[in-house]
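Engineer: This is what each chain is made of:
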Amino acid sequence: MNPIYVSRRRNNIIVKFLCLGAAAFGVTWLALILFTLFYNGITGLNLAVFTQDTPPPGSTDGGLRNAIIGSIMMTVIGVGIGAPLGLFAGTYLAEYGKHDKLTSVIRFINDILLSAPSIIIGLFIYGAVVIPMRGFSAIAGCLALAVIVIPVVVRTTEDMLGLVPNPLREAASALGMPRSLVIRRIAYRAARAGLITGVLLATARVAGETAPLLFTALSNQFFSLDLTRTMANLPVTINNFVQSPYAYWKQLAWAGALLITLTVLALNIGARILGAERTSK
Amino acid sequence: MAVESNVMEAAGPYDRARALSAFKVGDVTFYWITRACAISVLLILGGIIVSLIVGAWPALREYGAAFLWTQRWAPSADPPVLGALGPVYGTLVTSVIAMMIAIPVGLGIAVFLTEICPIWLRRPIGLAIELLAGIPSIIYGMWGFFVLGPFLANSFQPFMISVFDGVPVLGAVFAGPPSYLSLFNASLILAIMVLPFITAISVDVFKTVPPVLKEAAYGVGCTNWEVVRNVVIPYTRVGVIGGIMLALGRALGETMAVTFIIGNSFKIQSSIFAPGTTISAAIASEFAESDGLHQSGLILLGLLLFILTFFVLAAARLMLMRLEMKAGN
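Same order as they appear, the protein sequences are chains F and W.
Every letter in the first sequence is one number past the one before it in this note's numbering, and letter 238, counting from 1, is 238.
Every letter in the second sequence is one number past the one before it in this note's numbering, and letter 190, counting from 1, is 190.
Just so you know, not all the hints are guaranteed correct.
[What the hints assert, rightly or not] Covered by chain F, per the in silico footprint, the following chain W stretches (three or more residues, Cβ under 8 Å):
{"#": "1", "segment": "21–32"}
{"#": "2", "segment": "69–78"}
{"#": "3", "segment": "116–128"}
{"#": "4", "segment": "142–148"}
{"#": "5", "segment": "171–184"}
{"#": "6", "segment": "246–255"}
{"#": "7", "segment": "283–293"}
The hints are simulated quantities; they were obtained by calculation from the structure and are not laboratory data.
From the three backbone atoms N, C-alpha and C, an ideal C-beta is built for every residue, glycine too.
Assemble the whole structure, with the sequences as input and the hints as a guide.
Structural biologist: Structure, rendered in structure tokens:
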């Protein structure tokens, strides 16, 4: 055979193997991380994790009840504040501001906020909420999470509303519907699955966020539902337990990490299934 | 019948006017609510900048530009001496090493997924990589602390140290002793973390290549590699670089994956197997117990990080927007 053909084929095969190796490398990490997580997490997971509060140093019984409930509360409130705000902002970008200079500025800033380091958001909320309130509080943590939720929801809302075919809007307008009703009754309904996907993805994003909570909600060894005081939450509890010298705390940290990961994976997969339903229709 | 029609005639215009005015009010209210929410996005950015500058002001006045090139970090000295050189060095070194690992691997996976992989395998692998992107960073940090750190310190690090022992420059870069907590361990965890971002964006970007171009190249007998190198990469260069910059922005600001395993040492050492610190790790581990000038210094570090990531992310977005416009035309 022509030597040029031989060398071209050889190069092609080498590159194919390198790419295969890269893919194997990436998937191996995922498998390794999930394997250790399940292996260590399941041994630590029992009923006490859900029914008892975080133990004091050195103790060998106790669970994560206060941290689990605190995490759920803060995530729900954070998403509850951030999601509507993001939804409306995304609506403005997609529906009203298509030919507005402001829109491109907002979109650009939003994209930057989307990937801004979350610890900076923590510093911002510390300066804007914790200092004026004279103390760490759960509500500061909720606000920090809300600030992270907003750009995610803005982005997905704008994208999803952009996918709604214009003739739908034109037909509604031709029937005499005012603009706001066209958006709420027609565009929102047509894009509903996509909008929910966005909110689920945002929830998944904040469910495991740790850095912005380190100095806003802090953590609390005891059970508390008071939003104006510090509140226990899973990520910060894990953060504290990992670096502790107590074996039982480390075991609890693995159990908590498994819970967070399962939640986040479930939310991500749920969002994906919903998104897939949308496109197959 | 006649009566009814009279009633309707009388009520008709009234209801109509009322409905119309309700529509009008609803319309205007909805418009302003959405507009206000959209503007609040700008206010958040403004709030971040203002609160960082206000918080950093005492340290900025005390140390001025010298903050940037002072290496000593002694918050409990009297007066406290604070310098950003250590964390800034650590941030840049870990990000650069992480990108050196993640870029080739991430692009390799993207090429594999778009050109080589059998169709039935594309979805599962793509899904696995995307799920990797969704795992919270504290899980990576924890895993690095318990599993990767000990593994590297017992196998990879001693190997590299013995291989490069006595080699002029590299000998200092890979100097011992092996350590559970080091810049290199943090870099590897960062690389694993940003890998999915690079892959996901590259796959999206590779999909913007018009099939006609690729088919034409395959039609004249090009191999997979030649199509990738001569058609796909040149067509998508801007987008790929944009995706890489986006991943770099993540790596620069990543906190929880790094904090556990970097060792929190403000001293700059030539070896990448020595402990160090990054801006975000320094803030995460010291902020809650800091006050006064120390706290202000940490906020100033945060401001530096924000400026750094802002420019990297802005450049990334501009590049991706350029590609989108090209794809739109």
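Engineer: Hint by hint, say whether it matches the structure.
Structural biologist: Here's how the hints hold up against the structure:
Coverage of the segment 21–32 of chain W by chain F holds in this model, with 7 residues showing a Cβ closer than 8 Å to a Cβ of that chain against a need of three. Coverage of the segment 69–78 of chain W by chain F is violated in this model, with 0 residues showing a Cβ closer than 8 Å to a Cβ of that chain against a need of three. As drawn, the segment 116–128 of chain W meets chain F at 5 residues by the rule of a beta-carbon pair under 8 Å; at three or more, the given contact holds. Proximity of the segment 142–148 of chain W to chain F, defined as three or more residues with a beta carbon under 8 Å from a beta carbon of that chain, is established by the 5 residues found.
Given a C-beta distance limit of less than 8 Å, the hint that chain F covers the segment 171–184 of chain W is violated, as 0 residues qualify and 3 are needed. Three residues within the 8 Å Cβ limit are the bar, and the segment 246–255 of chain W against chain F gives 7, so the coverage statement holds. Restraint check on the segment 283–293 of chain W versus chain F: 4 residues with Cβ-Cβ distances below 8 Å, three needed, restraint holds.
Hints 2, 5, counting from the list given before, are not met by this structure.
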